[in-house]
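Residue-level listing of the chains:
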Amino acid sequence: MIGMSTRHILLGLLAGGPSHGYDLKRRHDERFPQARPLAYGQVYTTLQRLVRDGLAEVEGTDSDGGPERTMYRSTDDGARELAGWAAEIAPPAPFVTNEIFAKVVVSILSGGDPAAYLREQRAAHMARMRELTSVKTAPNTDLATVLSADYALNHLDADLRWMNTTAARLTTLTAEVDAS
Amino acid sequence: MSTHSEKSAPLLAARGLTKTHGRTPALRGASVELHAGEILAVTGASGSGKSTLLHCLAGIVRPDEGSVVYGGTRLDRLPEKRLSELRRTDFGVVFQFGQLIPELTALDNVALPLLLAGASRGEAHRRAGEWLERFGVLGQKELRPGEMSGGQAQRVSLARALVTGPKVVFADEPTGALDSLSGEQVMSALVHTAREARTAVLLITHDAQVAAYADREVQLRDGAVVPLGVAA
Numbered sequence: 001m002i003g004m005s006t007r008h009i010l011l012g013l014l015a016g017g018p019s020h021g022y023d024l025k026r027r028h029d030e031r032f033p034q035a036r037p038l039a040y041g042q043v044y045t046t047l048q049r050l051v052r053d054g055l056a057e058v059e060g061t062d063s064d065g066g067p068e069r070t071m072y073r074s075t076d077d078g079a080r081e082l083a084g085w086a087a088e089i090a091p092p093a094p095f096v097t098n099e100i101f102a103k104v105v106v107s108i109l110s111g112g113d114p115a116a117y118l119r120e121q122r123a124a125h126m127a128r129m130r131e132l133t134s135v136k137t138a139p140n141t142d143l144a145t146v147l148s149a150d151y152a153l154n155h156l157d158a159d160l161r162w163m164n165t166t167a168a169r170l171t172t173l174t175a176e177v178d179a180s
Numbered sequence: 001m002s003t004h005s006e007k008s009a010p011l012l013a014a015r016g017l018t019k020t021h022g023r024t025p026a027l028r029g030a031s032v033e034l035h036a037g038e039i040l041a042v043t044g045a046s047g048s049g050k051s052t053l054l055h056c057l058a059g060i061v062r063p064d065e066g067s068v069v070y071g072g073t074r075l076d077r078l079p080e081k082r083l084s085e086l087r088r089t090d091f092g093v094v095f096q097f098g099q100l101i102p103e104l105t106a107l108d109n110v111a112l113p114l115l116l117a118g119a120s121r122g123e124a125h126r127r128a129g130e131w132l133e134r135f136g137v138l139g140q141k142e143l144r145p146g147e148m149s150g151g152q153a154q155r156v157s158l159a160r161a162l163v164t165g166p167k168v169v170f171a172d173e174p175t176g177a178l179d180s181l182s183g184e185q186v187m188s189a190l191v192h193t194a195r196e197a198r199t200a201v202l203l204i205t206h207d208a209q210v211a212a213y214a215d216r217e218v219q220l221r222d223g224a225v226v227p228l229g230v231a232a
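Those protein sequences? They're chains A and B, same order as listed.
Counting in our numbering, the first sequence runs from 1 upward without gaps.
Counting in our numbering, the second sequence runs from 1 upward without gaps.
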């Protein structure tokens, strides 16, 4: 299976030892600070599927003074699956399915004002980049947050460079779309 | 993020600047405002007029048309002698390549503007040492520019630009010659120190990740400011 997947992330978190759903969710959100937080429902559904597929198994229950929680652990098959996924080369962006790109093309097709859209989208990107930069440079920021902010900044920067080039190219692009 | 009320007068304001180098127009009616303590990024492609704008604002070059007002004074009309005095007391400048004096140590490079302003050697060295420490390069104080890494040399340049306590620092692509991690250290040091000293910074860059250290961005295209943002 190719792509960012919750099952592999959970297998990765289980690689450190048995854990229960709540703890996995908490550790996920800590390790991937700028990612969309995992929903509990998604964690439990995914754990059940991992068990069904023989990649994880129930270790037992742990109450720790509170309500009983099911502990899960990775199986040998799970460890092999995880190692395979982690070493698998991610295809370098085979398809362009970006919303900004689509909006620019649609805007040209429908006689909109793509240049105005690009200016405002660019301003929104810059505002987000300023936010991420201040998160990253705040005193005592942990490494996971810095890495995650770096990742987001570099991707926003790539969008921004594409938007700059596109703004400069718009006249040509409009003519091409009109002619087709 | 600092915001500035419409009412507060800018520290430095350029209106309708035009400047032509030979036959090439570099600025075509550029207007920009810098408020006290603000960090403003000026971005744009090469040839968009960024550096010429900086030179006009810093009083290094006089515009052909338009005005540059600093703290109520028309810089573009100021006699050269007063202008160069003002540049020494109120402005600091950092370029892409630090322009440190190669024969002098880091400490002497940073002490130089203070010595030129009449400080004693001991006082100049004491204050230069403090600024090198703020930029994390006190350990390099006895090194000459050629013996330092690019990032260290650039932090020494920043210390030299800030040692006289300027109101405005002009930074022209200060990370342009650095790798991304050294650039990040230089930018963090510049922004942190400028905020602490309440110094305004006009930062010229073509790099959005560098511009993201600023409070605000102005984009130049063909010598004029591109209107930016939604109902800003």
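Worth flagging that the hints you see were computed from the coordinates, not collected in a lab.
Mixed in with the good hints, there may be bad ones.
Derived EDC-like pairs: lysine to aspartate or glutamate, alpha-carbon spacing no greater than 20 Å straight-line [as the list claims (entries may be wrong)]:
hint : chain 1 : residue 1 : chain 2 : residue 2
1    : A       : 136       : B       : 215
2    : A       : 136       : A       : 57
3    : A       : 25        : A       : 59
4    : A       : 136       : B       : 130
5    : B       : 141       : B       : 90
6    : A       : 136       : B       : 33
7    : B       : 167       : B       : 130
8    : A       : 136       : A       : 176
9    : A       : 136       : B       : 108
10   : B       : 167       : B       : 179
11   : A       : 103       : A       : 29
12   : A       : 103       : A       : 157
Under 7 Å between C-beta atoms, here's a sample of chain A residues computed to sit facing chain B [what the hints assert, rightly or not]:
hint : residue
13   : 129
14   : 130
15   : 135
16   : 153
17   : 155
18   : 157
19   : 163
20   : 165
A quick note: this is a predicted structure, and the numbers were derived from the prediction, not measured.
C-beta: ideal position from N, C-alpha, C; glycine also.
Verification of the hints:
1. Between the alpha carbons of residue 136 of chain A and residue 215 of chain B the distance comes to roughly 15 Å, so the proposed pair stays at or under 20 Å and holds.
2. At roughly 38 Å between alpha-carbon atoms, residue 136 of chain A and residue 57 of chain A are farther apart than 20 Å, so this suggested pair is violated.
3. About 18 Å separates the Cα atoms of residue 25 of chain A and residue 59 of chain A, which keeps this hinted pair within 20 Å; it holds.
4. In summary, the hint linking residue 136 of chain A to residue 130 of chain B is not supported, as the alpha carbons are separated by about 26 Å, beyond the 20 Å threshold.
5. Taking the CA atoms of residue 141 of chain B and residue 90 of chain B, the gap is near 25 Å; set against the 20 Å cutoff, the hint is violated.
6. Simply put, residue 136 of chain A and residue 33 of chain B have alpha-carbon atoms about 28 Å apart, too far for the 20 Å limit, and the pair is violated.
7. Using a Cα cut-off of 20 Å, the hinted pair residue 167 of chain B and residue 130 of chain B holds, with the two alpha carbons roughly 18 Å apart.
8. In summary, the hint linking residue 136 of chain A to residue 176 of chain A is not supported, as the alpha carbons are separated by about 41 Å, beyond the 20 Å threshold.
9. A hinted pair counts as satisfied when its Cα atoms are at most 20 Å apart, and residue 136 of chain A with residue 108 of chain B does not qualify at roughly 33 Å.
10. For a cut-off of 20 Å, the pair hint linking residue 167 of chain B to residue 179 of chain B is broken: about 29 Å separates their Cα positions.
11. Only pairs whose Cα atoms come within 20 Å are accepted, and residue 103 of chain A paired with residue 29 of chain A is rejected, the gap being roughly 31 Å.
12. A C-alpha spacing of about 18 Å is found between residue 103 of chain A and residue 157 of chain A, which places the hinted pair at or below 20 Å, so the restraint holds.
13. Hint status for residue 129 of chain A: holds, given a least beta-carbon distance of 4 Å to chain B, under 7 Å.
14. Of the supplied interface hints, the one on residue 130 of chain A holds, with its beta-carbon coming within about 5 Å of a beta-carbon of chain B, less than 7 Å.
15. Taken as an interface hint, residue 135 of chain A does not check out: its beta carbon lies about 11 Å from the nearest beta carbon of chain B, beyond 7 Å.
16. Restraint check, residue 153 of chain A versus chain B: the minimum CB separation of about 6 Å is within 7 Å; hint holds.
17. Hint status for residue 155 of chain A relative to chain B: violated, with the closest Cβ pair at about 11 Å, above 7 Å.
18. Satisfaction of the interface hint for residue 157 of chain A is found here, the shortest Cβ-Cβ separation to chain B being roughly 5 Å, below the 7 Å cut-off.
19. The restraint placing residue 163 of chain A at the interface with chain B is violated, with a minimum CB-CB distance near 10 Å, outside the 7 Å limit.
20. A least Cβ separation of about 10 Å between residue 165 of chain A and chain B goes past the 7 Å threshold, and the interface hint is therefore violated.
Consistency note: the structure conflicts with the earlier hints numbered 2, 4, 5, 6, 8, 9, 10, 11, 15, 17, 19 and 20.
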